Amino acid sequence: MKNRDEIAQALASSGYIADSELVTAISLMQLLKRPLLLEGQAGVGKTEVAKALAFVHATELIRLQCYEGLDQSSALYEWNYQRQLLAIQARHGKDADAIEDQIFSERYLLERPLLAAIRRQQPPVLLIDEIDRADDEFEAFLLELLSDFQVSIPELGTIAATTVPHVVLTSNGTRELSDALRRRCLYHYVDYPDIDREGRIIMARIDGASASLSLQIARMVHGIRKEELRKVPGVAETLDWAAALVGLDVHDLHDVPELVHETLMCLVKTQEDRSRLTRQVSDRLLGKVA
Amino acid sequence: MSCCGQNREFEEIDEVSSLVSKRLAGFLHTLRDAGFAVGLAEGQDAAAAIAAGYAARPVLLRSALKHLFSARKSDWDKFDGIFDAFWLAKRVRSRAVATGAAKPANNPSLKSFQDTGLTQGAGPSATDQISSTDDAPDGRGGEGRMEGASRAENLDEVDFRKFADPEQVADAHAAAARLAKAMRTRLTRRDIARRRGYRLDLRRTIHNNISHGGVPIALAKRRRKDKPLRLIVLLDASGSMSMYTSVFLRFIHGVLDEFHEAEAFLFHTRLAYVSSAMKERDAGRALDRLSLLAQGAGGGTKIGESLATFNRHHAARVIHSRSCVMIVSDGYETGDTALLGREMAALARRCRRIVWLNPMAGWAGYAPEARGIKAALPHVDLYAPANTLKSLSALEPYLARL
Chain A
2 MKNRDEIAQA LASSGYIADS ELVTAISLMQ LLKRPLLLEG QAGVGKTEVA KALAFVHATE
62 LIRLQCYEGL DQSSALYEWN YQRQLLAIQA RHGKDADAIE DQIFSERYLL ERPLLAAIRR
122 QQPPVLLIDE IDRADDEFEA FLLELLSDFQ VSIPELGTIA ATTVPHVVLT SNGTRELSDA
182 LRRRCLYHYV DYPDIDREGR IIMARIDGAS ASLSLQIARM VHGIRKEELR KVPGVAETLD
242 WAAALVGLDV HDLHDVPELV HETLMCLVKT QEDRSRLTRQ VSDRLLGKVA
Chain B
861 MSCCGQNREF EEIDEVSSLV SKRLAGFLHT LRDAGFAVGL AEGQDAAAAI AAGYAARPVL
921 LRSALKHLFS ARKSDWDKFD GIFDAFWLAK RVRSRAVATG AAKPANNPSL KSFQDTGLTQ
981 GAGPSATDQI SSTDDAPDGR GGEGRMEGAS RAENLDEVDF RKFADPEQVA DAHAAAARLA
1041 KAMRTRLTRR DIARRRGYRL DLRRTIHNNI SHGGVPIALA KRRRKDKPLR LIVLLDASGS
1101 MSMYTSVFLR FIHGVLDEFH EAEAFLFHTR LAYVSSAMKE RDAGRALDRL SLLAQGAGGG
1161 TKIGESLATF NRHHAARVIH SRSCVMIVSD GYETGDTALL GREMAALARR CRRIVWLNPM
1221 AGWAGYAPEA RGIKAALPHV DLYAPANTLK SLSALEPYLA RL
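Top to bottom, those sequences are chains A and B. Using our numbering, you'd call the opening residue of the first sequence number 2 and step up by one each time. Using our numbering, you'd call the opening residue of the second sequence number 861 and step up by one each time.
Isolated chain B, as found in the complex:
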């Protein structure tokens, strides 16, 4: 076939093709380094395309190889830069593209943490405990720990408040979002697998087919109606939590985004309903909108009153039989602790599970002495630290059991 460049001499094209083919292996290698999943089959197809005349013009070759080697949007976007760098030797631009392009460590966290999480199921109290990670190492502290492990993995065990530079914070945010996404996929997948089991409804089939003399012509099927797990998140945005709020917001955004059964509330001295802001697709914009809602935070925490508002105005609407309420707070109550206890009891009657995440529970030597926590704990099903990415991921198996 004479695809293109008809006015050129064929010998010339052949010459170009053979030159290009020789360097193709090197190009494939470069692409692999940049995180592309290209194998032998792609290489052969590329050679076939080159033989068919696609190497006649650089733009054409670039376009052809781009379709062939890209597998996703991120590949698609960075391909042109890599191609230009390799074939057309535009060096400066290429460096930037190639280094930024390394494939991110493929979610290192989930598998390894699944086992660690919830081994101490029923402790002495009625409250489940996730082993607290007292010994969370100081991220930058020991140089030895950095060896051989990617930074992304190291971040998993660092307490959120110890993140110093903006870059690290950004990494943690990205990791939290990734973690949330993985958790969401797994939680929903379980749900779908369960929904799969439809079976024949024999009784209805026979009844429907009486008119056919009992021969089952129209089959009636039965499908289990399943309520998906609904997460309701109540996030404390008061001053004492300020170190953690941003990471949690990012995590919660990851969990809620497109998770159709989820609601989010923010509280400090008042309770604010923030689901619509949280369902914003773009994390940055969601956080912007939330920070507006969170203004006026920092003056103290009235958990009891906020819960009372929740119970009175929102609970009936957002809680159903397969709901889990997740409260993220340090439990420093500046209002009436008796009220907090009463409202927690009311909430516990209503929903399936209450998870209380307290970032400070992960600190060495922390004991739940705050009056708020003491009042609330008897009604909480799971009390977990959640001050590191690792402790967040340990939540997943618990949620999956609900």
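With the rest of the complex left out, here is chain A:
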């Protein structure tokens, strides 16, 4: 178990610039063995938290992407039907019971993310991404798994977890999650980073981005987020834009106002927003950037 300082250091060396709240969340996760539920707008870096966590614990990241209609067979386990059929044919005419024992053994079991996560030797980070996209039934099933950490497979019996994974759930809020699931989890709201933190993120992620340029970019993006846009640019977009500017050999945004305006397509991705960010608007925002 790591203490707070070690976690903060490990996060920093993974390239994830965390705020102190998140460090607390991660240390509490270890202490209380509870999953962490991350909510926040799209593009604020929820998935990145899980990746950073895997780095902190120096372990594998197992990811389960949720979608409407996700069921147990693609999340937990499935029998390898093709192999089973072939095995039956190959042993044609032999004792039926023996064949049955054989084809319902581990060799014919296909591990899916959830089963994989509880059978590792070293506890992995299990990222259950966009849980709000999955159906209610799946959520209920997940709740059961998260409290018992065991899986029962009718043909094989109950499989208990060898290790308890570090579970991170993310949600974009397209559907209200059940109270039961919320209560099971620690909660952390991921907000857009403030100017200073976003500047440091740019510096850490983009090679060749100077401190002053990073801060300018962060200020500019901060201003753009305050404009009434349909799709507010996330951190990923900021990084794209920073990479573009560095690639175009920009050192100071004030030198190249027209280039700033032209490259804004890295940040705004809809026609409507694009037309809202006119040259006047971008110049005005640029004017506010010190």
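Keep in mind that the hints were calculated from the coordinates and are not lab data. From a predicted model like this one, the values you see are computed outputs, not experimental measurements. Hints may contain errors.
Said to hold, decoys possible - Only part of the chain A face toward chain B is listed, based on derived beta-carbon distances under 10 Å:
no. : residue
1   : Arg5
2   : Leu29
3   : Leu38
4   : Glu40
5   : Gly44
6   : Glu112
7   : Leu187
8   : Arg231
Every residue, glycine too, gets a C-beta built ideally from N, C-alpha and C.
Position chain B relative to chain A; hints supplied.
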């Protein structure tokens, strides 16, 4: 583990921890009052965290308990204020936060109204009727009615035009949005449950596996392709409807927002296509954009002409086999009523159902005498009052059947 504050004496930390633990029960109580769902398990975990040294600094304790006790964004936002008020005795700020924080009555409306709605299914005419709520009580009128019931519940039966102060209007808007959201969830959920039933396509499986000697190795599955219900809303924004337009806009915004199969139109003397404005996530902004589009309203209503425009230019695109057209209007036609009748007939041929919501039908003693309504009624499948939140919620079972 020595999480933090290593340079302090351990005895000191222990002392702080025990003090904090003693007051923890009181804090949990405060949180529950503020609408947090915290139980015994959270209390135990909090005690464990405190024992592990999280009580060394107030900021750290606040951050730890915040992760533990919050369950959603609203909790997350108000937690710091409540914590500071309780532990650090910042009183003034706390009051404001704590009172504003009470958990809203958990959507009182839906369940109880489901049964009331559509009992008189097929009346003497071909038109379905929702029982009109003549006796809608005057919200503020009888003090007795307020007893024991929350104001939110009372709002359900108050006619929209009787809302006086801005606060009440805001409440009604919020209630309409909540109602719409609940309806949307339920309507979509039914849809998903139906889509679930995929089954094996035996014919295709056998055919595909001829090369394996008929042993079914590659399974072909069959899934029912389902068209979700599509709502098309035509809202009358003329002067005579001005009392109701804002609440309906809010309601419709709630229904349409993220409901991917929905279209909205606004009409007065012309027809305006407003789906894109309605799909604006933020209700306030959507209404702002709409009020721009609605300008020039108030000069009279040409329902017939507006419908003709709809039929000619939009209908083919927006109407499919599982569509319901919802017209919200009082039916005061200033144009040609014969045209209205013709266009209604054309529309009825095209779509599955036409729902006509008339706020005035909820008034005591109202009869559909307006010429416009008379011309339109023969083609309408459901004619409903919709002047109160209650009557809006009664629509849901009807829509779910489509």
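Legend entry - Hint numbers not upheld by this structure, sorted from lowest to highest: 5 and 6
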